[in-house]
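Peer 1: Listed below are the residues making up each chain.
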Amino acid sequence: MGASKGQKLSGLQKQVLSLYRGFLRAARSKPCEDRCQIESIVSAEFRRNSKQVDRKNFFYIEYLLRRGKKQLDQLKSPDTMGLSSLNVSSSQKQNAKT
Amino acid sequence: MASTTGASLKFTSLSSSFKQTQVPLRGVSNVNSVSFPSLRMRPGSLRFRVSCAAKPETVNKVCEIVRKQLALPDDSPVTGESKFSTLGADSLDTVEIVMGLEEEFGISVEEESAQSISTVQDAADLIEKLMDKNCA
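Quick mapping for you: the protein sequence lines, in order, are chains W and Z. The first sequence begins at 1 in the numbering used here and counts up by one. The second sequence begins at 1 in the numbering used here and counts up by one.
Just so you know, these hints were derived from the structure itself, not from any lab. Wrong hints could be hidden among the right ones.
As the list claims (entries may be wrong) - Derived CB-CB ranges, DEER-like:
no.	chain 1	residue 1	chain 2	residue 2	range
1	W	Lys-14	Z	Met-131	34 to 42 Å
2	W	Arg-47	Z	Lys-68	14 to 22 Å
3	W	Gln-74	Z	Ser-108	21 to 29 Å
C-beta atoms are modelled at their ideal positions from N, C-alpha and C, and glycine is treated no differently.
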């Protein structure tokens, strides 16, 4: 992720940032304690991927975006406490949760 | 036959309201350029507007939030002119800053305008605009 000023963001970058914003918004609706935890997990996950994933690896980024959108939908549901489901998916064992 | 007149009419009526103020300011001698639609988007005129818009309280508050969000020391120089990128913020940080500002000021920033914010002054400006809209 480069500097946000000057350079124009690509469509994919915009989608990523929009997803990030979506997560932060969803976190607001949760109780304070959960919210802090969600925010730190989400932020760590985005930052980790922004460093590790090659910016030209479009297929993988698109896959992550799709996965993130599904997770966001789950998080938005008022029944979701956020913590456990997000925790599992953000550590790399995706198969642990069905 | 009749359809050709409609198109040109719409064009001029749409843009005429801005031109009255903008054209003399920039010193454009050609007053006939009333139908020049991109004038409003020039960065020069934007900066002119910015310098007299946001109140110092708002700018200071924004500086404070930016400092907190980026975990900068209290004595670090953050002013209205500071660019987020020179303060060490990446695009994810910028999203966080905008979200933090939204909460602090009780406003909601649209996605497109959120992405055009790059300095403290930009942010303070947008906030005042949105707060004005809320009051009205």
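Peer 1: It remains to establish, for every hint, whether it holds in the given structure.
Peer 2: Structure-based check of each hint:
{"no.": "1", "hint": "Lys-14(W) <-> Met-131(Z): 34 to 42 Å", "in the structure": "26 Å, violated"}
{"no.": "2", "hint": "Arg-47(W) <-> Lys-68(Z): 14 to 22 Å", "in the structure": "18 Å, holds"}
{"no.": "3", "hint": "Gln-74(W) <-> Ser-108(Z): 21 to 29 Å", "in the structure": "23 Å, holds"}
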